[in-house]
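Trainee: So you can see what is in the structure, the chains are spelled out below.
Protein chains: 4
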Amino acid sequence: MFERTPEVKVLRDPVHGYIHVDLRVVWDVINSSWFQRLRRIRQLGGAYMVYHCAEHTRFSHSLGVYEIVRRMVTEVEDIREALSEREKVTVMLAALLHDCGHGPYSHALESVTGVSHEVFTCRIIEEDTEITRILERCAPGLAKETADVIRHTCKNPLMTQLISSQLDADRMDYLLRDAYFTGTKYGVFDLERILRTLRVNGDKGLIIKKSGVFAVEYYIMARYHMYWQVYYHPVARSYEGIIHLLFRRLKETNAEQPLLKGIMDGGNMDLDTFFRMDEYTCSCAFDMLADSDDGILRDLALRIRDRKLFKYTDSDPETDQRIRTQLAQAGYDLKYYWFRDTVAQNPYTPYTVRKDNAIWVRMEDGSVREISEASNIVYSLIHGPANDDHKIFFPEIGG
Amino acid sequence: MFERTPEVKVLRDPVHGYIHVDLRVVWDVINSSWFQRLRRIRQLGGAYMVYHCAEHTRFSHSLGVYEIVRRMVTEVEDIREALSEREKVTVMLAALLHDCGHGPYSHALESVTGVSHEVFTCRIIEEDTEITRILERCAPGLAKETADVIRHTCKNPLMTQLISSQLDADRMDYLLRDAYFTGTKYGVFDLERILRTLRVNGDKGLIIKKSGVFAVEYYIMARYHMYWQVYYHPVARSYEGIIHLLFRRLKETNAEQPLLKGIMDGGNMDLDTFFRMDEYTCSCAFDMLADSDDGILRDLALRIRDRKLFKYTDSDPETDQRIRTQLAQAGYDLKYYWFRDTVAQNPYTPYTVRKDNAIWVRMEDGSVREISEASNIVYSLIHGPANDDHKIFFPEIGG
Amino acid sequence: MFERTPEVKVLRDPVHGYIHVDLRVVWDVINSSWFQRLRRIRQLGGAYMVYHCAEHTRFSHSLGVYEIVRRMVTEVEDIREALSEREKVTVMLAALLHDCGHGPYSHALESVTGVSHEVFTCRIIEEDTEITRILERCAPGLAKETADVIRHTCKNPLMTQLISSQLDADRMDYLLRDAYFTGTKYGVFDLERILRTLRVNGDKGLIIKKSGVFAVEYYIMARYHMYWQVYYHPVARSYEGIIHLLFRRLKETNAEQPLLKGIMDGGNMDLDTFFRMDEYTCSCAFDMLADSDDGILRDLALRIRDRKLFKYTDSDPETDQRIRTQLAQAGYDLKYYWFRDTVAQNPYTPYTVRKDNAIWVRMEDGSVREISEASNIVYSLIHGPANDDHKIFFPEIGG
Amino acid sequence: MFERTPEVKVLRDPVHGYIHVDLRVVWDVINSSWFQRLRRIRQLGGAYMVYHCAEHTRFSHSLGVYEIVRRMVTEVEDIREALSEREKVTVMLAALLHDCGHGPYSHALESVTGVSHEVFTCRIIEEDTEITRILERCAPGLAKETADVIRHTCKNPLMTQLISSQLDADRMDYLLRDAYFTGTKYGVFDLERILRTLRVNGDKGLIIKKSGVFAVEYYIMARYHMYWQVYYHPVARSYEGIIHLLFRRLKETNAEQPLLKGIMDGGNMDLDTFFRMDEYTCSCAFDMLADSDDGILRDLALRIRDRKLFKYTDSDPETDQRIRTQLAQAGYDLKYYWFRDTVAQNPYTPYTVRKDNAIWVRMEDGSVREISEASNIVYSLIHGPANDDHKIFFPEIGG
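Chains as they are written, first to last, in the numbering used here: chain L, 1 to 399; chain U, 1 to 399; chain Z, 1 to 399; chain X, 1 to 399.
These are computed hints drawn from the structure, not numbers from a lab. Where a beta carbon is used, it is the ideal one built from N, C-alpha and C, also for glycine. Just so you know, not all the hints are guaranteed correct.
Claimed, not checked - To spell it out: a stretch of chain U is covered by chain L in this simulated footprint if at least three of its residues, at any positions, have a beta carbon under 8 Å from a beta carbon of chain L; those stretches are: (1) 207–221; (2) 371–380.
Said to hold, decoys possible - Some chain X residues close to chain L (C-beta under 7 Å, calculated; not the full set): (3) R12; (4) D13; (5) S33; (6) Y51; (7) H52; (8) E55; (9) T57; (10) S60; (11) G183; (12) P258.
Okay, chain L solo, but in the shape it has when bound:
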């Protein structure tokens, strides 16, 4: 039996009402310096440059994913019965820790270091940190088991499905949370209904009852709209792109900036260096770079700090060429003052494309079908044209 806290701890959360904690190991992880560090990494890269209230962090999101998984393993009868006590604790810990390897401005950082955040997440769990010690003190082997869920090497695929699939607690929390903090209404879907209609099927693992299909359709649409309205907003992409350019300039000039030395280390970064690289350190570093001798670093740093972002327009060969020429004539180094960014998003990726990760539905007659076969809406969406968006970003010339 896993040790309980003396009484149930509750943390007020506007999305879920309360986060409930009654496991000692969960409480200890939350109070660890590694988990508290997530208060210094925002959830939404550049989106808060558009939606000014979207200042929430991976700390609250991680608690939210944990809470949804906690509800799944206690309130959904099929899951409660399919998992052992140890598996339940493990998957709750995996939910809590699934994002702990995120660095500041994750996408920009990953693209210069070439290392995915999952790698750091698993290192933080297994590489003898405070987290590792908390998990191992609770139950020997727990650290590896938790990391296994996150890196999809867990023996019981159901556990991974709960936190990483097309209908997982991670997405469920971020849609609701990002909708709440941006103030859009796009990410709201019916979590209660989905939880009530989740089932476990021997073959497929997590499935949904037919009576939950409408709620899943709504969830798929919510996700689709959040991508286009929030995550892919061009202002957010402009902000993230400039951070990427600054990181790249730092790396290529091998600039002396101790707060950002992890960028040079890349995949070899030690965890202590990684720990200290958060968005507060970065912001502070950008502020220091505003005094840099390197004009490009100085300019990019000021753009980030003071929100003097790049403009954007739809990309096509002719426009791209025209803008590039103008920039070059105005003396801009195109390596750091121009980028092209393409985003695309399918509402749902069907089984035919990605075998391991579909949403399955149990029909009234007991048969199991993929959601795109059970929902005309999803069928239509995956057979219709895909949305994509190609844009170029560049400074206002003369601006």
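Start from chain L and add chains U, Z and X according to the hints.
Mentor: Below, chains U, Z and X without anything else, positioned relative to chain L:
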């Protein structure tokens, strides 16, 4: 100039915050007995048999449609400039009155009388009722002009579009309102965004700016889901179907039931008889029919009053035949104890199908496209398979 | 063991999310004609004449009280342990049925019949109705035990406290529900917090932990404001007062109106007559009375139906006399065309005034104090001046 | 005439729906580096250590206060008529900028520098910064006029009342906003009702109509509860207290920490140094101090970073002495490892105590009374006992 109320009157409304009234004629219409009558006609036929809080009436919906139109003609610059003062007052009155010809259990009633509620709406406005007198006292000719908006014979098609098109104040209010009172999250969409992106185009009338397309996609999905989750819920259809059967039985047996004599009169019903037929009178009549000598009337009345509804199952020739045989053997008169009901719903009906009533979008380059050409989502939905549902309804045999 | 339903039934409710039912007896009560009758009695007498969306009924309120009690007996550890299985079922049934003896326009009706609705509630539960049979079939003796909770004769006072005290499920539901449907923000308080801090104390029964005092303060203020803003709104009192006058006129003239014959019977009314008297029957009767030979009945009936209510002003001897004189001169019968109404409301009634019904708090040191000793806010409110409102109501003279 | 933006700019805000900007000068201020800096100062000192989602910043609050003032000067007829165009623009700018002089962890900072944030606010507006230049370019003299509103030296006291009184836009926004982001329900009040009932009275300036008294009572209670539940939460005070101790240690040891050199400068700080001191710089400095040679600095910095806060208990002479002795015996320097903190909050401060800043009510008869004379609730609250809370904070001994 139209007479104003001494100060702005506000009515608290959970959907819109407040309903604002500052026109004397609007205030007088609201206080008329014909408008107060709408407090006795529920908004959602049988859906409150499933969603127990959906007890709201056409009174609050009518106020809500008025409020949205009021905002359209005052807050949307293009509309404000496109309409004269008189046209604005007229379309607000049309919004307020567009449902005043609804009788009790409207669909059931219309199917036995063969008269659409729009006919009664226009009669109430034009046929020398209290409403007619209020309108004519305000401005001679106003009654006919208001009715013209409702029956689509208005010279300025923009006015009709505001209250009757695929993107009109009527739908906007009922989606938000029905979602609020059912407690579902399906009908919620971003009204503010839509209002902010409405424009008027010489040719098409009401159009939407490109930046409002996401909000319209969401609205289309909201409507689609409300149909399937609420309006077409089989329990609601079962309730409405039984009321239809009772009305039919009444008519065919020429039963003596003074409260429902309007049913016999059908299209010839005088307005005084119509006025008195509301859901309170009907409920009272059903209660009296629970003592009828006619066993079928008695049984159907009790089923309605005490919510002993028909069961339902998917229709197919074999099932239908089997059930019908069982019912006949159990002694049920199939004319009153069996019905088949088909519902279908397209998320959006494109221009190619219905020329006068499409949603148009002004693209960033100024061109105008139909929503299905401007939105991959809508394109996919209208080219994918349509949802329909065929069910049969019948009493539990032995139940 | 009490029989369960094959699966948990859920009813969508905008206030609580879902109402959960897993007891067969609860499900059967909900589906009985007596409980379905509550769909025909509105929750808020005349308040929907002011707040037009407050059209909700005692049906949804009764489900809401049941749901809160269900949560109390399953989620609050102290209560779960203090009650036997049978006591839990009993108190849930008492919650569901506590309002089933309400007639139409309850206050007006009670004042002419002289019989409280609790009397009818207990008769409906115990007097061999469909309800009685459902309860007794479930467990012999259950009907009387359920009624005992409602009439405060239950051996375990904790059970009564859950549904009838100054901090009970009845008030908790109606504040939240009435706030939701009126659209005011006044009735919203933190139900989750109160549920989380409820405890059972040997001596006092239900108490609240110190950490819940703020939530209780808010609840007390919410109730206070709902009284003044909604329940005591003069327009609502005007409407209810006229209904009372009409009932009185009916009784005093011994008028022939079969739908309202229960009013003549008063306390001797049989349950079948009572069953049929609901707000639909009344509304229908008012409509018929609009053709009455009695001018007073006719006028009052039209005032109710068409919302031509009495005016009101603050009462003082001089004003009262002046208005009465004017009315008499204008030919009004003062017995039916003038009334005085006083309302008063204390935010909280302390133990010193009403010994059996206080709110108790467990302090951090384990001692128990009354809320007015544990909260400066409540202390101040009960020692400050009380709010009251004296108004007279009368027809507009010449109007 | 003041220059307008080409079209109305809207910023999505979950509290107000949208922030509307149509003045060029407002848009320029928002886009200035000084205003963008507010994204790096959180709104709620230590409260996000308790309410983990309360991570919002003074940036969004400042926009919110601006939006409420914008609505006041455009939607409230009396205010619209009482102010000239220039006064309206000035008060909107004062609303936007009223918090721009806040440094990181404002209370802790002010207590070591001895300078109030208002001083910095006025310096930033008037001392030739980017802000000054934007204001003066718009209209010569505007900078001083804006600062005058903030420092209460404005000729028209109504302008100051809008942003700084007991019923001002500042409080209205922070209550709603802090309630939203903490997820408590305590701060919600009826902003629409208050705006609708605001009036201007020659003598008193801003007053409220009698029909708005309930909304003001609710607002006063909301504020009171937010203080006790959120702002005065002991965990928040523990966090802020430790930051204060660290700042004091830094100052007293004259430690070398360039990021925090402003602390040494205190009131002499130049604005460039001030600009760079934000919560990101501080966080970064704390992280660096985690390697300090000074054990006290190192320990306090780690406590802040990793949320290893001081415990707390109610203060009384005996307890205080006992704890101090234990701490001294355990080797703690009491100067940095013990503090006592008292908070007190009256729901409302009456006119008798603070003449310049009361809430006045226009009664139905046209007379004007103070809110405590017009509301029994407010009267009771100010005559009842005051809430206060005395606590001592100290490290867990052996912890």
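Trainee: Taking the closest Cβ pair, is E55 of chain X under 7 Å from chain L?
Mentor: holds (5 Å)
Trainee: S60 of chain X was flagged as interface toward chain L. Is the shortest Cβ-Cβ separation under 7 Å?
Mentor: holds (5 Å)
Trainee: A closest beta-carbon separation below 7 Å is what the hint needs, so does D13 of chain X meet it against chain L?
Mentor: Check passed: Cβ of D13 of chain X comes within 6 Å of chain L, closer than 7 Å.
Trainee: Can you verify the interface hint for S33 of chain X: is its Cβ closer than 7 Å to any Cβ in chain L?
Mentor: S33 of chain X check passes; min Cβ-Cβ to chain L is 4 Å, inside 7 Å.
Trainee: Are T57 of chain X and chain L close enough, Cβ to Cβ, to be under 7 Å, as the hint says?
Mentor: Holds - the Cβ of T57 of chain X comes within 7 Å of chain L, reaching about 6 Å at its closest.
Trainee: At a threshold of 7 Å, is the proposed contact between G183 of chain X and chain L supported by beta-carbon distances?
Mentor: This hint holds: G183 of chain X lies near chain L, its Cβ roughly 3 Å from the closest one there, short of 7 Å.
Trainee: Is the interface hint satisfied for Y51 of chain X? The criterion is a beta-carbon contact with chain L at less than 7 Å.
Mentor: holds (6 Å)
Trainee: At a threshold of 7 Å, is the proposed contact between H52 of chain X and chain L supported by beta-carbon distances?
Mentor: Hint on H52 of chain X: holds, closest Cβ of chain L at ~5 Å, below 7 Å.
Trainee: Closer than 8 Å, Cβ to Cβ, for at least three residues: run that test on the stretch 371–380 of chain U against chain L and report holds or violated.
Mentor: holds (count 4)
Trainee: Holds or violated: R12 of chain X as interface residue toward chain L, Cβ cutoff 7 Å?
Mentor: OK, holds: R12 of chain X within 7 Å of chain L, min 5 Å.
Trainee: At a Cβ distance under 8 Å, does chain L reach at least three residues of the stretch 207–221 of chain U?
Mentor: This one holds; 4 residues, not fewer than the three required, reach chain L with a Cβ under 8 Å.
Trainee: Mind checking the CB of P258 of chain X against every CB in chain L and telling me if the closest is under 7 Å?
Mentor: P258 of chain X check fails; min Cβ-Cβ to chain L is 9 Å, beyond 7 Å.
Of the hints listed earlier, the one the structure fails to meet is number 12.
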